[in-house]
Amino acid sequence: MRDALGDVQSVLVLGGRSEIALATVHLLAGQRLQRAVLAVRNPKAASEEADRIRAAGVSVDVVKFDAADTESHAAFVAAMFTDRDIDLVLVAFGIVGDQAQADHDAQHALEIVHTNFQGAVSVLIPIADAMSRQGHGTIAVLSSVAAVRPRRANFVYSSSKAGLDAFTNGLADMYAGTGVHVMAVRPGFVATRMTTGMKPAPFATTTDVVARAIVDGIRARSTVVYAPAILRFVMPALQIVPRFVWRKMRA
Amino acid sequence: MSTPLVRHETLQGWGRTSPSESTVYEPDSEFQVPAILEAWESDGGAQRRGSIARGLGRSYGDAAQNAGGAVVSSAALSRILELDRAAATVRVEPGVSIEALLKFLVPRGFFPTVIPGTGIVSVGGGIGADIHGKFRHGSFCDFVDSATLVTPALGPMRISAETNADVFWATAGGMGLTGVVTEATLRLHRIATSQMRVDTTRCRDIDDCMTAMMDDSRGERYSVAWIDCLANGANLGRSILETAVHATVGDLPAERARDPLAYGAGLSVSAPPWMPNGLLNSWTVKAFNELWFRKSPKRPHRTTVSIPTFFHPLDMVKGWPSIYGRHGFVQYQFVVPYGHEHVVRIILERLSAAKCASFLAVLKRFETSNAGLLSFPMPGWTLALDVPAMHPGLNKILDAFDDLVLEADGRVYLAKDARVAPQRFAAMYPHLERWREVRARLDPNCALQSDLSRRLGL
Ligand SMILES: Cc1cc2nc3c(=O)[nH]c(=O)nc-3n(C[C@H](O)[C@H](O)[C@H](O)COP(=O)(O)OP(=O)(O)OC[C@H]3O[C@@H](n4cnc5c(N)ncnc54)[C@H](O)[C@@H]3O)c2cc1C
Ligand SMILES: NC(=O)c1ccc[n+]([C@@H]2O[C@H](COP(=O)([O-])OP(=O)(O)OC[C@H]3O[C@@H](n4cnc5c(N)ncnc54)[C@H](OP(=O)(O)O)[C@@H]3O)[C@@H](O)[C@H]2O)c1
Chain A
1095 MRDALGDVQS VLVLGGRSEI ALATVHLLAG QRLQRAVLAV RNPKAASEEA
1145 DRIRAAGVSV DVVKFDAADT ESHAAFVAAM FTDRDIDLVL VAFGIVGDQA
1195 QADHDAQHAL EIVHTNFQGA VSVLIPIADA MSRQGHGTIA VLSSVAAVRP
1245 RRANFVYSSS KAGLDAFTNG LADMYAGTGV HVMAVRPGFV ATRMTTGMKP
1295 APFATTTDVV ARAIVDGIRA RSTVVYAPAI LRFVMPALQI VPRFVWRKMR
1345 A
Chain B
-3 MSTPLVRHET LQGWGRTSPS ESTVYEPDSE FQVPAILEAW ESDGGAQRRG
47 SIARGLGRSY GDAAQNAGGA VVSSAALSRI LELDRAAATV RVEPGVSIEA
97 LLKFLVPRGF FPTVIPGTGI VSVGGGIGAD IHGKFRHGSF CDFVDSATLV
147 TPALGPMRIS AETNADVFWA TAGGMGLTGV VTEATLRLHR IATSQMRVDT
197 TRCRDIDDCM TAMMDDSRGE RYSVAWIDCL ANGANLGRSI LETAVHATVG
247 DLPAERARDP LAYGAGLSVS APPWMPNGLL NSWTVKAFNE LWFRKSPKRP
297 HRTTVSIPTF FHPLDMVKGW PSIYGRHGFV QYQFVVPYGH EHVVRIILER
347 LSAAKCASFL AVLKRFETSN AGLLSFPMPG WTLALDVPAM HPGLNKILDA
397 FDDLVLEADG RVYLAKDARV APQRFAAMYP HLERWREVRA RLDPNCALQS
447 DLSRRLGL
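Going down the list, the sequences are from chains A and B.
Residue numbers for the first sequence follow the working numbering, so the first one is 1095 and each next one is one higher.
Residue numbers for the second sequence follow the working numbering, so the first one is -3 and each next one is one higher.
Keep in mind the hints are simulated off the structure, nothing from the lab.
Keep in mind that the hints are not guaranteed to be accurate.
Said to hold, decoys possible - Covered by chain B, according to a simulated footprint, are these stretches of chain A (three or more residues, beta-carbon under 8 Å): (1) 1160 to 1168; (2) 1227 to 1241; (3) 1264 to 1277.
Cβ atoms here follow ideal geometry from the backbone N, Cα and C, with glycine treated the same way.
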């Protein structure tokens, strides 16, 4: 059970090797966390990550999960929620893809959209249902500031996140006032595997800052959290930047 | 047999911190209860999530709710069944509130020996948490003569400390996890008037306060100290001590003495309008505490007041938890044995240093403990503090308090708790294993569950 101060005892991570998610799990491990389930594409590749969490005194299971394989999602969710409660589901999978390729290759663009948006929708609906039956829990979804103002440099990724963000907000509205809490997390640029080789954007931050924002958001039952927090004010400002200026800023 | 009312509801405790969804049943006959428990009995899977009893929802945390499962409300089981004047006992259904009981009993010259700091508590909740009050010679279940308990495995059974002590003392303070109490007989105290004779003393600091509380020379029956948590340094623990006895007819002014047991409902006012939702910070708390402290005269003085005025001053402010805003608050209440007064002092100091705005801090003391396997009271000091849930780093602060309490062989109170770590809880309650054994006999399949039982692994 989540306690009164937002500390959770169990977590299921979809995209269990995500660096942002792992930083969050480690932060939770220093609180009340007892059990973590890492759901990953390739379970063999996650053994090191699992051991590091075990070293913090948390019991860890690694299970197979592919966001793109939407057919498998209903059975996957049913299996996750059969025996014990899950206090927190962290939806952290995602790919940026290669925008230059996606500019002209519809198949690649669809691959990005399919994983980030369709894959998430497909797994979030049964998860929300299961949590509602369980009567309590938090679903935290890794969206992005890219959902707020899409950039030329990664607009297919941005549009997939915009769809995911809108879906997450709708889900949050659906469960408002119940025991199920749904939250969209909008990080700015975070130095992780995903952004290796990219030029850091202004307000670039670290996985620890995002993890802290997620944990604080769970506690406050926030609907949207930004990391770093200043982006809460920066992004609305960027949204109203006229398009001709925006095009120059992000050329 | 009729079927009970059913509805789906988001429930939370008084602190408003942990909402969850339950299917709420409102049986109006004890005979409906076994079927509810059976329908929700756990099969180890996630679908069947068990049941838990709920009274008036005045426990602060997650004791009287059951995410995804059933909640058996006692709202429609709230009749006073029988007063036995010769034996000084009353037989009631579990949903009867202390307030309703007082209204019925006081004019007849009786008083429910132990009553808590609010009248809006049910008899079932009184047993489930083995509640205590300003009376320091016992807690609620010490005055429960017998009760009917509907258990999952053994069905309805009569329980009392004489006939089946193990079940009785597992139920006293057992947080509803041994069964649903559907009826109880309480032993009463005889009173001559409906008034309390109260002595009020201001205490300079915490040592002064504890010394005054240990002084039994006034022969008082009830005592409580209200501490100004924001006073620090030399003023740390600045407080107002109230001690009281039931007034005798001779204590009353002539016009009251004609009808000494007359009992009017207390006045009630809404939360002060100058305190908008969520506007609770160290400034408003300071102002409140300053007012509260100043309202009592400098010199010790004696007054005669009504029972609710002495016992339930908070009930006169309707909806006061709203001042903590939408994130709610937790109440931290612990007890430490005599000889560990320093724990009370250190906790007050740290709270003051952390600028933790505590609206209320109440210090009481106990003379005895009982055989309740999970009962809270033990001889010693008990301090209760309200803190806003969003105070930064609160769980770490409270974990450190838990360690201090644990080192002193003390414990925290489950009726107030919403966040203690399971390992620390287990260390605080040395009879936990025995309680688990009794529970396993009454409920081998965990048909009784609550958010609290899941959180603490009970
Ligand atoms: C302002 C205020 C002041 C308070 N002061 C005090 C005080 O001075 N001393 C003190 O001890 N407590 C105090 N409390 C706490 C309160 O007395 C306890 O939490 C009490 O248990 C609440 O009773 P309830 O009817 O609201 O029960 P609930 O909160 O609904 O339930 C409490 C527990 O009792 C169990 N329960 C309820 N009904 C039954 C039943 N029929 N059969 C079996 N189990 C049942 C529930 O499962 C749950 O575990 C105070 C609370 C408030 C809000
Ligand atoms: N880094 C940033 O700047 C940033 C900014 C805003 C938002 N985000 C979002 O935050 C989340 C976490 O990102 P991160 O920075 O921690 O990057 P990361 O370490 O690359 O994590 C992304 C994870 O998603 C997994 N994944 C990809 N496709 C999957 C699929 N089909 N099924 C299952 N898992 C899949 C990857 O698994 P493998 O290990 O198998 O590759 C990887 O572990 C992502 O949703 C990302 O979009 C990141």
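The hints, checked one at a time:
no.	hint	verdict
1	1160 to 1168	violated (count 0)
2	1227 to 1241	holds (count 4)
3	1264 to 1277	holds (count 4)
Going down the numbered hints, you'll see the structure goes against just number 1.
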